[in-house]
Amino acid sequence: MSENPQLIYAVEYFIHKANPTGEYFNHTTFNKLLVELYLRLKERGLDIKLPYCWYKHGCLVDSISFQSATGISLMHYEPPRDSVIVMPSLPNPHNITFSEKTLIQEEIKKLLAEHPTRSYLKSDNREEYVNLNYKHAPLKFQKAFRRSLIPHLEYLKHLSQNISRSERWDLTFVSETEALYAGDMMVPRFSSGLDIEDQKKIIQQLDDLIIDFPRKEMRELYRTYLRWDDTFRLAVKHQDNLLKHAEDFWGIFAFLLRIKYNENITGERILEWQDDFERELSRYTKELKETRERLLELEAAEMSYDANTDRKLKKLMTISRGMALER
Amino acid sequence: MPYFLDSNVFLGYCFYNSDAMAEASQRVINSPEEKHSSHTVYHECFGNTVKNGRFDEIQDEISDEFFRALDYLQREKDIEYLRLYAQSLKENSDNKKNCRICDIIEEINSENSGDIELIMQDLRSLAREYEIEYNKRKKDVMAHKGIDFHPSASNDHPLCSTLASHVANQADVHILIDAHEVGKKISSLVFITGDYDDIVKKKDAILPLLNISRIQGIFSF
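Going down the list, the sequences are from chains A and B. Here the first sequence is numbered in my numbering, starting from 1267 and rising by one per residue. Here the second sequence is numbered in my numbering, starting from 20 and rising by one per residue.
Bear in mind the hints are in silico, worked out from the structure with no lab data behind them. We put the beta carbon where it would ideally sit given N, CA and C, even for glycine. Honestly, I wouldn't trust all of these hints.
As the list claims (entries may be wrong) - Computed list of lysine-lysine pairs in DSSO-like fashion (alpha-carbon distance at most 27 angstroms, straight line):
(1) A:Lys-1581 / B:Lys-158
(2) A:Lys-1526 / A:Lys-1308
(3) B:Lys-155 / A:Lys-1503
Stated by the list, open to error - Examples of chain B residues toward chain A, derived with CB under 8 angstroms:
(4) Phe-34
(5) Phe-86
(6) Arg-87
(7) Asp-90
(8) Leu-145
(9) Arg-233
From just these sequences and the hints, can you work out the full model?
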């Protein structure tokens, strides 16, 4: 077990300065700010070797690697289901130079001064601090997916759940026949969630995402991603659980993201994450296949084959059969 | 007479292309006769909870080719890039990603006079239609055609070595033994296969060893 006095000092001085009055300090914001502090210190030439990775919601300090680097459990600072601890007195560092100490203090004061109302102590401000991390996001795709597509889908879901009952019914006639029977009364028709413009906007986001997908960096997911992309286009057409499908893909992407984009994580931890990724990928692949089969059944109901398509299909079947006989 | 179906009967049915084998497979699978097969055949074709079957793998590979082509077109908006990519795959015969749908892409390209958006639309539709057709036929075989898939015989069945001296392919040996075990319970079982070289041509040597009444090539249906 090694010790990293610069890291311990930075964490403790940060907690001391960030929350002097002992208010509730949530783990999310604490994590995001620590990573921000680490990156700023590194830019100024001091590497405190904070072990962190990119994951589902921005950056996360890894507790196992933290303990391995400092000999202190991260839970000591952020007890489970409780506020980050309060540190009324200044830490008393050893094995750390005066200039290192000064630099850490300066950067912490500067970082906290950017939030003069101590907005980081407000639990509903978490997203703002996730955004802080995203300024350093290594992949354009990651930003576009997590900070653009998912919020857009969340917004659309929120809209469909929160508009009033009267607004959810279009005051339009379902058909001329129904209008005839209804006489002077307006016939309400349930408005299906997404209109054409919403659908076009999502498809445009998908078209942009496919250009940004990091084919080399995330090659283990390239095949799954392309399959997800077409499945998601079907889901848009059939208005099927869009947010869930996007979040599920983001989940598996994040499993790989933490393996590829991290700093100061122990080798053992990375191996553990690789096992997690393989297990999750196999589970997700099956789930995606089931979703795809279900959506294709919906699609089939709307498809009609012409002779030209039928001929091409048979050509594909012949190719497939040839492949089977070769094996 | 009850039938025992070898894997290539399912192959002809699932990847139906209207040729003689496809039509014969369809006739067998749609026939009102009692139909049997085994878990060995089922797993080889359709996989199990751990591993994809051969057919699913192939369908996935073809679908992947469509998706990769769409990816290229979306990025480059130029059919020439896709041609170059496809060509590079074709030239490298060891490459698993060998482009098998190149001719179809060319056909769709000329039908749409090079309009990328239309080409992409047609490619996407065709990819989905292919998958829908395969899924429908696979589901048919698995659930709607009344085929009884029996547990596989043990791998160290006493007939293994004797049959192996006639039949080169180990998987074929296992399927024949599965049929032999089913034949103990179901009388007059007819083994139906599309494997002429390894099984049909050797039926005179194989048949006396097995508890089945006949070996019949698929084309005689």
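Against the structure, the hints:
1. In summary, the hint linking A:Lys-1581 to B:Lys-158 is supported, as the alpha carbons are separated by about 21 angstroms, within the 27 angstroms threshold.
2. About 20 angstroms separates the Cα atoms of A:Lys-1526 and A:Lys-1308, which keeps this hinted pair within 27 angstroms; it holds.
3. Distance restraint check for B:Lys-155 and A:Lys-1503: the Cα-Cα separation of roughly 21 angstroms lies within the 27 angstroms cut-off, and the hinted pair is therefore satisfied.
4. Interface hint at B:Phe-34: satisfied, since its Cβ lies 4 angstroms from the closest Cβ of chain A, which is below the 8 angstroms cut-off.
5. At its closest, the beta carbon of B:Phe-86 sits 4 angstroms from a beta carbon of chain A; the interface hint therefore holds under the 8 angstroms criterion.
6. Interface hint status for B:Arg-87: upheld, as the beta-carbon distance to the closest one in chain A is roughly 7 angstroms, under 8 angstroms.
7. For B:Asp-90, the interface hint holds, since its Cβ comes within 8 angstroms of a Cβ in chain A; the closest pair sits about 6 angstroms apart.
8. The interface hint given for B:Leu-145 is met, as the beta carbon of that residue sits about 6 angstroms from the closest beta carbon of chain A, less than 8 angstroms.
9. Checking B:Arg-233 against chain A: minimum C-beta separation of about 24 angstroms lies over 8 angstroms; hint violated.
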